[in-house]
Amino acid sequence: MSGRLPPAGRWLLHRAVGAVLVLWGAASLTFLVLHLVPGDPVTTLLGASATDSAALREEIRHEYHLDDPLAVQYVSFLGRLVTGDLGSSYQQQQPVSLIIGEQVGDTAELALSALALLVVAALVTATATAGRRRRVRGAVSGAELMAVSTPAFWLGIVLLTVFSFRLNVFPVAGAGDWRSLVLPAVTLAVPFGSLLAQVLREGMEAALHQPFALTARSRGLGGTALRLRHALRHAAVPAVTLSGWLAGGLLGGTVLVETVFARPGLGRVALDAISGRDIPVVVGLVLLSATVYLVVNAIADLVCLWADPRLRSPV
Amino acid sequence: MPTRPAAAVAATTTALLLSLTACGGGESQGAGKGGDPVRGGTFTYAAAVGTSCLDPHTSPGDIAAVVQRNVFDSLVQLDAKGRLHPWLATSWKVSADARSYTFQLRDDVTFHDGTPFDAAAVKANLEHIKAPATKSLYASALLGPYSGSEVLGEHSIRITFSEPNIPFLQAASTPYLGIASPTSLKKFKDQLCAGGKYSVGTGPYRSERYVKNDRAEFTRNKDYTWSPRGAAHQGPPLVDKLVIRFLPEDSVRAGALTSGQVDAAAVPVTSAKAVRRNTSLRLTKQQSPGASYSLYLNTDRGPLRDERVRRAFQQSVDVDALIRSIYQGEYERAWSPLSPTTPAAYDESIKGAVRHDPAAAATLLDQAGWTGRDAKGYRTKSGERLALHWPFIGALVRDQRDVLAEAVQAELKKNGIDLVRDPVETGAYFERYGKGDYDVWDNAWVRADPAILAGFYLSTNLPSAGGQNVSHTDDRQVDSWLRAGAAEEAPATRETSYAKVERWAVDHGTVLPLYVPVTSIGTTAAARGLTFDANAWPQFAGVWKNTK
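Protein sequence lines correspond, in order, to chains A and B.
The first sequence: position 111 = 111 (the working numbering), numbered continuously.
The second sequence: position 31 = 31 (the working numbering), numbered continuously.
Be careful, since some hints might not be right.
Unchecked claim - Estimated spans, in silico, between C-beta atoms of each pair:
(1) B:V49 x A:L167: 26 to 34 Å
(2) A:H35 x B:T90: 49 to 57 Å
(3) A:V72 x B:G40: 40 to 48 Å
(4) B:K93 x A:F153: 40 to 48 Å
(5) A:H35 x B:S147: 35 to 43 Å
(6) A:Y74 x B:K189: 26 to 34 Å
(7) A:N168 x B:R39: 51 to 59 Å
(8) A:V158 x B:V403: 22 to 30 Å
(9) B:S147 x A:H65: 49 to 57 Å
Unchecked claim - To give an idea of the interface, some chain B residues facing chain A are shown, with a C-beta separation under 10 Å as derived from the structure:
(10) V38
(11) G50
(12) D55
(13) T90
(14) P132
(15) S136
(16) Q191
(17) L192
(18) A194
(19) P248
(20) G255
(21) V262
(22) E348
(23) G427
The hints are simulated quantities; they were obtained by calculation from the structure and are not laboratory data.
Since this is a predicted model, take the numbers as computed values, not measurements.
Don't be surprised by glycine CBs; every beta carbon is placed ideally from N, CA and C.
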């Protein structure tokens, strides 16, 4: 016991320090950028509708400590963050934690169901088409390419027109029951799922050409079993590496999808906060998405370690 | 000094306004009549925009007013014809100097939380609006030069102002000065913006739930017996539940309406024709009072300091043709910075004040010394191009105003004027607004009173001071007309004062009025009882559905 941590402990410590640095960097950068771009938050907040604005301006400036020097603001901002206080929204005059807390559920529901949908769809299409005849493979891959480049906005409107306005199968929008979740989740899942399917298929095809595939076949393993038991595991590493990006894409995608389907959620909160220079809300959202990134990447690393034992050997 | 009873004022106003508004309106009789009203059910309306704050005492948004009208009643009511009616106040007297108002209040009204409505509640509301901590972005400006209120009895109150304030009654009729339960103002001090159960008024509906960007839900106030006398529907609402959905996408809103998922929806001008063609839907339109959609020219900077250049700007644009071709008859061309449906204000003779006359405009530009031409064909003076800057926020452009802007640009180009549109983000937009760093600024503003002109033309209301005098007009005569307008009680005299301002504004090239904004609402065949108020905002107190 010479104060040295076991490897798992070291790994965790390493991760934790990295996470703190990332969060600190993200918060600082957001804070700085929002303070440095032209325009004054108080002016933006007041807009063009208030008379008697000198007194009001003073009041707002003082209440949000915008009259302090930037360095002082920054230090007290960090101080509050450390104690877990995200501050209060300028526009909504409510605590940021409350605003995020109220809407995070709707976004998580949308992003997670889209994620489940896209992973299942990608697994099925990739397994079914990897190494198949050229024509089948070409057609599917072409369809995927089209899906990747389809604007979510347009797709959402088309789905709504067909399934909500014409067939009346799903409600136009909102949140609450599963029926209102279907169309937004599909809209969000299609482009990302197509991309994931392509990556998975390529990984599987590469694996199928490796010598072990021949060995396995010579033992009498069927095509599907080979794909599922061996090729998939090989393909998992590049696909999982994508997941960090995927998490970001899904969160970003909710902005559009939430707008088209008029769903409550963080995407639209972010849009309003950014255009309104609502600094506390923007910082809160940046911290939240940075946390999501960190968690997703940590899980992705663990999954990779499980999928590919070669990565486990210490260098 | 004797005081004049309110009834007399209302009567004069009425007589005058009837004659004025008869020509404005349009298809304004609300959505369908017919059939015996059906009790029960849910009525759903789809609005185009949401809001970050639902406290009408703080938020300036039209939507905050439309949503919260259901919850908050006002002291007085202004009907679609511009007539004042008693509401929470049974009567009122205006002092001869228009600096003090004495209201007698109803004694049978209770807030949704059980708090009785009385003079102290009114005082608490006005004081709440004026308190800096409320951060009122509009209500405080509407309340004007408020100096205090005195509770004269349990149901009697005197409100005083430091200057004459004739526009006060109209202001008092808006949801922005709606009366909230004083208990809620104290108890939910920090949550008023959040709406939902924090919004407690005396209105026909109780506010139940507000999910930002999604919906606001209301239930029927079965005890509601104090409908304003001028309202089409009296007594408690017919439906059990009212839902206002926020659907920002035009096509989605239109689809929700055609498929019957909502009973009524705000219809963008681009879908008005489609709604009208659809036999199962109905389209109702009402012109908004207040400031029409206009381009204001900054008289305090660059080439537009010269009135000849401003006049040339006005005459270069064929407004008639542009509005007709872009809006296909849905919008009427505006002649004045004031909308024709603004009560006690609009002067018909202003029609034709700005003529499309490119030849005359060219002569004016020559006289102003803009005689050179550069390689691109724009006029120059001492080697400098006649370029004008117009900042805008791309994300907020609606109503095909971008198409209109391009058309105006093309018209000006023919006369060698380079109108440059600067896309900027919100922060920079309002910074330029405050500093006067622009040549052209576009604006429209709903208010059912000509006092809106004071916001745009009083010399002390510069953007840097929080006002909307975007043309930087600084004219003693204009100021005196505007002050007189705020001090004159007789509508006829008011009209004369404001008409002078309208005429002056157009003649001196401070503004190019473009079109009169319109509220259009599509309703399904079953929807009944939707009406418009004086602001052309939809009213839900009497809605029901003909389910037969």
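Q | Violated hints, by number in ascending order, as checked against the structure | A | 3, 4, 7, 9, 10, 13 and 22
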